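Enquirer: Listed here are the chains, written in short residue letters.
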Amino acid sequence: MLRFARDAVGILLGGRRNFRPANMKILGFLLMLAGWAIVLAAMGMLSTEGARSVFVAAGIGVETTGLVLVIRSHANPRGLED
Amino acid sequence: MPLSVPALTDAVTVLCIALILAVPFAIAGLCLINTGLGRSRSAAHMMMCSLGVVGIAALVYFVIGFAWQGYPDGPAYYFLIGGKPWNWIASERFFLRGVPLDISSPSLAVWLEILSVGLAAIIPLGSGADRWRMSAVAFSTVLLAGLTYPLFAHWVWGGGWLEQLGENYGIGRGFIDGGGSSTIHCVGGLTALSIAWILGPRRGKYARDGMPTAIPGHNAVYVTFGCLLSLIGWIGLNGAGAILMANVDAGNVVLIAVNTILCAVSAGLTAAIVTKVRFRKPDASLSVNGWVGGLVASSAGCAFIRPPEAVIVGAVAGALVTLSVEWFELKLRVDDPGGAISAHALGGLWGVLAVGLLGTVGATGAENHGQLLAQFVGIATLLGFVFPFTYALNWALDRVYRQRVGPEGERQGMDLYELGGGAYPEFVTHDEPYERGL
Chain C
1 MLRFARDAVG ILLGGRRNFR PANMKILGFL LMLAGWAIVL AAMGMLSTEG ARSVFVAAGI
61 GVETTGLVLV IRSHANPRGL ED
Chain V
1 MPLSVPALTD AVTVLCIALI LAVPFAIAGL CLINTGLGRS RSAAHMMMCS LGVVGIAALV
61 YFVIGFAWQG YPDGPAYYFL IGGKPWNWIA SERFFLRGVP LDISSPSLAV WLEILSVGLA
121 AIIPLGSGAD RWRMSAVAFS TVLLAGLTYP LFAHWVWGGG WLEQLGENYG IGRGFIDGGG
181 SSTIHCVGGL TALSIAWILG PRRGKYARDG MPTAIPGHNA VYVTFGCLLS LIGWIGLNGA
241 GAILMANVDA GNVVLIAVNT ILCAVSAGLT AAIVTKVRFR KPDASLSVNG WVGGLVASSA
301 GCAFIRPPEA VIVGAVAGAL VTLSVEWFEL KLRVDDPGGA ISAHALGGLW GVLAVGLLGT
361 VGATGAENHG QLLAQFVGIA TLLGFVFPFT YALNWALDRV YRQRVGPEGE RQGMDLYELG
421 GGAYPEFVTH DEPYERGL
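Chains as they are written, first to last, in the numbering used here: chain C, 1 to 82; chain V, 1 to 438.
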């Protein structure tokens with residue numbers, strides 16, 4: 001858990017290069033879920049369309065960041081190791 | 001979006017039946033495309049898997065899938081956020097008990113859905129070709145048809161919270177997807193991406209330095225004929241889906257058919273032109289992927305756009321699919337023999353977005369502006385929930401039951417290894433690569 005947290009901070013700040021791909025993948029998927037949660041929160045808690053639009057855009061931005069991490073975690077696919 | 005089950009006249013009922021009867025052509029078309037784009041030594045395996053997947057998906061959907069998808073006005077579970085009901089899953093009875101299987105609108109929807117879930121389930125076969133074990137395909141199909149598909153389809157087509165965005169929060173008419181760009185194709189395409197990542201690339205696809213090797217499909221005739229079959233099926237799928245799922249007036253069926261055709265042909269031609277410009281000759285497999293991408297993109301908005309806009313939607317889909325196939329293969333090292341990820345996931349996302357950008361769903365400009373926001377919420381749900389969910393399910397399955405065939409299976413070919421005989425027994429299909437151990 002501690003190692004995952006250390007990797008997560010390192011990945012997000014960009015300063016840590018020797019993180020494990022599995023941790024990057026988990027962090028990426030967590031970010032995607034967090035982005036979706038932002039979108040859901042915008043629907044339930046905000047009332048104006050402008051504010052909702054901003055939060056939906058932010059949520060999709062967070063999801064995209066997570067997707068990039070998931071993509072990077074698969075940069076060395078299993079078949080290359082065979 | 002009115003959340004009530006439409007009452008159908010006799011003429012509309014006959015029309016819907018005729019349209020649903022065409023949907024199996026879409027399944028047949030995708031089967032041929034997936035088979036033709038794979039290796040000859042896995043052709044029988046692919047067709048056998050396709051048959052099995054359609055069967056398992058239909059059975060699982062019959063047993064539990066429809067109970068969780070439901071239809072508008074049916075029983076469902078809600079929770080309240082800010083005093084607004086969020087309908088998140090249906091609570092129908094298992095085994096289709098309680099569903100009147102007559103010619104009513106819900107029963108026609110059940111018929112269409114049993115075919116649609118099969119269509120969604122064969123999409124990942126394209127990305128897992130030549131290395132996905134048949135038994136693992138079956139288990140993965142159970143997860144898709146029993147969990148992923150019904151849950152998201154309930155949100156979009158079953159009176160769920162995405163469909164209710166318009167009623168609850170005044171956001172356009174709620175998330176709109178008439179023919180299944182998101183519910184069928186994005187769900188299938190995102191599962192295809194998960195499968196491609198979990199399985200890894202085929203042996204010999206990438207060198208150790210990451211450079212890809214071309215492994216062309218074995219039968220361009222299957223592939224192109226599959227395109228034409230798919231067109232028939234998509235007209236039925238889009239027409240029946242728009243009438244039964246999006247409450248579109250049946251008088252729009254000609255518009256829907258014309259838009260579907262225009263999307264497909266403009267996407268196919270754009271893909272041919274793009275490949276001609278890039279490679280000096282039009283590429284058959286990429287053009288086919290573009291054609292399918294155009295069909296996929298047409299599904300969401302075929303009843304809400306005009307023909308000139310359909311041409312634009314198709315052209316963008318054709319270019320997007322063609323360029324992204326190369327991007328996935330070269331940059332991301334995703335081995336997707338059937339192009340399923342580009343054609344179905346990206347084509348579907350573009351189709352959903354196009355409804356908000358180009359569609360006319362309301363009488364006022366404000367309604368149309370709100371529609372774009374509703375479509376973005378749907379896209380955020382696909383990326384933020386459906387993709388992690390389907391990845392997690394298939395990853396967990398891979399942990400308890402390895403999905404990729406062993407090296408011997410890849411060397412022999414899936415036909416010999418899993419079926420004991422090939423699709424083309426009169427031809428030697430794997431002499432040199434087999435000897436070289438590729």
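It should be emphasised that the hints constitute simulated quantities derived from the structure, not laboratory data.
The structure presented is a predicted model; accordingly, all values stated were derived computationally and were not measured.
Treat the hints loosely; a few may be bogus.
[To be verified] Derived, one-sided and incomplete: chain V residues facing chain C with beta-carbon distance under 8 Å:
1) Val377
2) Thr381
3) Phe385
4) Pro388
5) Tyr391
Positions of the beta carbon are idealized from the N, C-alpha and C atoms, including for glycine.
Enquirer: For every hint, state whether the structure bears it out.
Expert: Structure-based check of all given hints:
no.: 1; hint: Val377; result: 6 Å, holds
no.: 2; hint: Thr381; result: 6 Å, holds
no.: 3; hint: Phe385; result: 5 Å, holds
no.: 4; hint: Pro388; result: 5 Å, holds
no.: 5; hint: Tyr391; result: 7 Å, holds
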